[in-house]
Amino acid sequence: MAADKIYSVGRRVWATKGKEQEVAKEEFINCLKVLEEALGNKPYFGGEEFGFVDVSLIPFYSWFYAYETCGNFSIEAKCPKLIAWAKRCMKRESVSKSLADPQRFGGHEFGCVNVELIPVCSIPMRLVATSASRQCAIRLLQMKSVSKSLLDPHKVYDFALQLGKRKG
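Each residue of the sequence shown is one higher than the one before, counting from 450 in my numbering.
Since the hints were made in silico from the structure, they are not lab data. Glycine is no exception: its CB is placed at the ideal position from the N, C-alpha and C atoms. Be a bit skeptical, because a hint or two may be false.
Pairwise CB distance ranges (calculated) [to be verified]:
1. 543 <-> 521: 17 to 25 Å
2. 501 <-> 465: 12 to 20 Å
3. 521 <-> 498: 31 to 39 Å
4. 483 <-> 540: 19 to 27 Å
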């Protein structure tokens with residue numbers, strides 16, 4: 450839910466101008482402040498360990514420079530703990546090799562959409578809905594940082610089948 454809100458409000462920061470953009474920037478910073486409050490003084494959202502919430506939110510860091518440039522503001526000035534968290538996450542090899550440099554975002558590098566699709570790679574390809582999604586998943590799996598961090602798709606599928614049989 451937080452990711453959806455950040456995306457929709459962040460999009461308005463770079464897609465609008467004037468009063469509408471000012472409102473979007475304020476709303477965007479407020480969203481980030483909620484996250485910063487949840488982070489508190491912990492290194493990661495789950496505490497000492499890098500976890501699911503971190504994985505879900507760190508892709509947005511790749512967009513921060515674009516938001517700041519288009520909106521003419523500084524996220525770090527408003528949310529220093531959140532930026533410190535993002536920089537800490539980017540020091541992790543699995544993150545730094547999977548995300549685009551925020552100042553060079555675009556092209557063939559990873560970004561929000563690609564990172565959010567990584568879990569699709571844990572699903573056997575015959576179950577992935579569209580050929581475009583399958584092609585994206587195949588490209589992602591070819592990256593060492595992705596393939597080493599995911600479960601074997603066959604084990605995931607077998608586990609889901611067993612779970613389904615138990616629940617009837």
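How the hints compare with the structure:
Distance hint for residue 543 and residue 521: a CB-CB separation of about 33 Å, inconsistent with the stated range 17 to 25 Å. Checking the proposed 12 to 20 Å range against residue 501 and residue 465 shows it is violated: the Cβ atoms sit about 32 Å from each other. Residue 521 and residue 498 have their C-beta atoms about 36 Å apart, which keeps the hinted 31 to 39 Å range intact. The given range of 19 to 27 Å is respected by residue 483 and residue 540, whose C-beta atoms sit roughly 24 Å from each other.
When each numbered hint is compared with the structure, violations occur for hints 1 and 2.
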